[in-house]
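Protein chains: 2
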Amino acid sequence: MSSRLKDVAALAGVSTRTVSNVVSGTGAVAEETRARVQSALDELGYRPNVAARNLRAGRTGLIGLAIPELHSPYFGELAGMIVEAAQQRSWTVVIDQTFGDREAERRLLEGTGGRLVDGLIISPWALGPEELTGRSRDVPVVLLGEQQAHGVADRVAVDNVLAADEATTHLLSTGRRRIAAIGVQPHLRNGTARQRLSGYRQALRRAGLRPEPALERAVTTLHRKHGAEAMSALLEGDERPDAVFAFSDELALGALHVAVERGVRVPEDLAVVGFDGIEDGRYANPALSTVVPDKRQIAERALQCLADRIYSPASTVPPLDIVIPHRLDIRASSGRTG
Amino acid sequence: MSSRLKDVAALAGVSTRTVSNVVSGTGAVAEETRARVQSALDELGYRPNVAARNLRAGRTGLIGLAIPELHSPYFGELAGMIVEAAQQRSWTVVIDQTFGDREAERRLLEGTGGRLVDGLIISPWALGPEELTGRSRDVPVVLLGEQQAHGVADRVAVDNVLAADEATTHLLSTGRRRIAAIGVQPHLRNGTARQRLSGYRQALRRAGLRPEPALERAVTTLHRKHGAEAMSALLEGDERPDAVFAFSDELALGALHVAVERGVRVPEDLAVVGFDGIEDGRYANPALSTVVPDKRQIAERALQCLADRIYSPASTVPPLDIVIPHRLDIRASSGRTG
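Those protein sequences? They're chains X and V, same order as listed. Numbered according to full-length UniProt numbering, the first sequence terminates at residue 338, and the numbering increases by one at each position without gaps. Numbered according to full-length UniProt numbering, the second sequence terminates at residue 338, and the numbering increases by one at each position without gaps.
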């Protein structure tokens with residue numbers, strides 16, 4: 001195997017140590033160097049004997065990915081990118097769906113049932129900070145999302161307050177004044193909805209508006225169905241909103257469907273902005289404006305954190321809090337009008 | 001463990017053997033009995049020591065699921081159901097994305113890299129019958145989809161010719177005569193597109209119409225983007241179609257987006273029907289008519305096949321060819337008009 005490693009190093013014009021770092025996903029390697037090594041690896045068809053190496057190190061080569069649900073487009077897209085990024089590191093991904101169930105999340109975090117995986121990426125919905133702190137699992141964990149991690153594990157998330165503020169500010173800039181928020185989730189421990197609500201209110205207040213309870217609609221899930229129900233309720237109210245900021249694209253698509261079906265003109269009478277940047281929104285009628293988290297980077301950074309913890313178990317680097325960039329894609333559903 | 005099994009059996013009023021069959025997913029158990037056993041299992045919180053049992057039998061408790069892409073809504077929904085159904089059998093699912101890549105599919109089927117999984121569910125896109133026949137893998141395999149299996153493995157699929165015929169016949173019944181087909185895929189070995197095309201042509205011929213090459217549009221992927229491109233080309237042609245049958249919902253949603261954006265009235269001027277029954281279509285504007293395969297049953301039957309092969313390795317039952325039911329959901333995009 002070492003002669004093969006040498007071949008790759010020679011072709012890429014780097015040391016074997018650098019090749020080894022690229023293959024194992026450890027150490028600091030400049031992006032340009034990494035790309036050169038990768039193309040040398042590809043050209044020579046180098047396949048490290050990961051299974052044997054893992055076995056010697058007491059590792060399985062498997063990492064766990066625990067998400068609330070695979071059938072949601074956001075988590076489907078994200079899981080696809082995580083599986084892809086893991087394959088590049090010769091890891092195989094074991095996927096668990098928790099459905100936001102408290103017990104399922106706790107079980108995964110505590111790792112009953114034997115040590116199957118070398119590390120775990122989890123997006124908890126039901127567990128609060130105290131359970132996350134109290135976890136006894138002995139493999140590295142990376143948290144996805146907005147719960148307070150309190151320094152118990154690496155955490156990867158977007159700045160939800162800022163993103164929600166930007167989405168709401170965009171709606172205000174098009175002249176909207178009665179902006180509804182769909183997606184409040186008082187029953188979840190996960191802070192996502194709370195942070196998006198807080199960014200929404202912050203933008204309203206900055207514009208001199210007072211948040212109205214009647215415009216803040218709670219939902220039991222982030223699915224289209226509940227976005228549709230919330231929109232129906234808003235349209236049946238005394239004073240209709242002139243805009244909706246939905247806390248997920250699925251909620252926004254449900255709301256959009258109900259509005260269009262009832263003859264509400266979008267964006268003229270009602271502007272709609274979602275959150276997640278899923279592919280569906282781009283082809284909706286009208287196309288959906290949305291906050292787009294850089295999902296590719298969520299996948300990359302989460303795996304890089306895991307690699308660092310798995311390959312350097314004695315590391316004293318404190319848990320990281322990684323903020324992923326996002327952007328606002330403005331499309332026809334909130335396009336500036338006349 | 002056996003006394004626990006007895007408790008469950010007593011509570012459910014069945015034999016311990018029946019409980020054991022339900023737990024392992026083997027043997028024929030009536031649905032009503034299975035439900036009674038399941039609620040007894042739940043009530044007593046019975047958790048079989050699957051890891052230990054598997055270890056004794058030389059099994060890992062893992063099954064592989066190889067699909068072209070997780071981020072496609074169809075495969076995301078299906079993967080979610082397979083993971084869920086696997087959890088009920090105490091199996092953990094290892095997911096691989098092949099991106100329809102020939103080498104990736106071959107590697108998975110041949111099982112290089114050690115025997116990680118006890119069985120494999122694969123939806124091949126690139127491999128043809130001869131490669132499927134020549135496989136040397138020693139664990140049970142279940143094929144999802146329409147490639148000819150030639151008796152090499154259990155296969156689970158819908159009747160695509162029939163389903164496409166029904167979708168086209170529905171469009172004919174609303175008075176459409178220039179029905180385009182979007183989704184021809186001459187570059188893939190997988191027979192899905194070929195079968196749907198053949199069902200489409202069969203329905204046209206039965207109605208006395210001749211299939212027109214200009215109305216049969218090829219695509220490189222089943223994504224929205226390529227449905228949108230195909231629709232643009234059709235709208236720019238000399239004679240516009242009055243209906244579109246798209247071979248996937250994603251293609252249909254891309255086509256729908258372009259049509260609505262250009263002011264084509266759907267369904268008055270153009271009726272659209274898709275295939276897959278994904279959640280997006282229900283909330284599209286207008287809501288998308290679609291052929292809905294029973295995905296829950298695909299997941300269930302595929303796992304049942306694997307269980308039978310894994311737990312009865314000496315079985316002489318020849319490979320099964322399981323046809324899954326489908327239905328046509330008619331919504332606003334092809335609703336009868338006038």
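Honestly, the hints are just simulated from the structure, not real lab data. All values reported here derive from a predicted model rather than from experimental measurement. A hint or two may mislead.
[As the list claims (entries may be wrong)] Some but not every residue of chain X turned toward chain V, in silico, with C-beta under 7 Å:
#	residue
1	L172
2	G175
3	Y311
[As the list claims (entries may be wrong)] With the C-beta cut set under 7 Å, the calculated list includes, among others, these residues of chain X facing chain V:
#	residue
4	T60
5	D159
6	V161
7	V264
8	Y283
[As the list claims (entries may be wrong)] Distance ranges between label pairs, derived from CB positions:
#	chain 1	residue 1	chain 2	residue 2	range
9	V	A28	X	A214	54 to 60 Å
10	V	P213	X	T220	49 to 55 Å
11	X	P186	V	D329	51 to 57 Å
12	V	D329	X	D294	34 to 40 Å
13	X	S198	V	L209	25 to 31 Å
Backbone N, C-alpha and C define an ideal beta-carbon position, used for all residues, glycine too.
Chain V contact restraint for T60 of chain X - C-beta distance below 7 Å: This hint is violated: T60 of chain X lies away from chain V, its Cβ roughly 9 Å from the closest one there, beyond 7 Å.
Regarding P213 of chain V and T220 of chain X, is the given constraint of 49 to 55 Å on their beta-carbon distance met? Since P213 of chain V and T220 of chain X have Cβ atoms about 50 Å apart, the given range 49 to 55 Å holds.
Does the CB of L172 of chain X sit less than 7 Å away from some CB of chain V? violated (26 Å)
Per-residue hint verdict: Y283 of chain X, partner chain V, C-beta under 7 Å: Cβ of Y283 of chain X sits 4 Å from chain V, so the hint holds.
State, for the Cβ atoms of D329 of chain V and D294 of chain X, whether the hinted interval 34 to 40 Å holds or is violated. holds (35 Å)
Grab the minimum C-beta distance from D159 of chain X to chain V and call the hint holds if it beats 7 Å, violated otherwise. Violated, about 24 Å.
A28 of chain V paired with A214 of chain X, Cβ distance criterion 54 to 60 Å: holds (56 Å)
Quick one, is the G175 of chain X hint okay against chain V at 7 Å, beta carbons? violated (24 Å)
Quick one, is the V161 of chain X hint okay against chain V at 7 Å, beta carbons? violated (28 Å)
Tell me if the beta carbons of P186 of chain X and D329 of chain V are separated by a distance inside 51 to 57 Å. violated (34 Å)
Restraint outcome when V264 of chain X is required to lie within 7 Å of chain V by C-beta distance: violated (11 Å)
Looking only at beta-carbon atoms, does the pair S198 of chain X, L209 of chain V fall within the given range of 25 to 31 Å? Violated, at about 59 Å.
Hint check: violations occur at hints 1, 2, 3, 4, 5, 6, 7, 11, 13; the rest are consistent with the structure.
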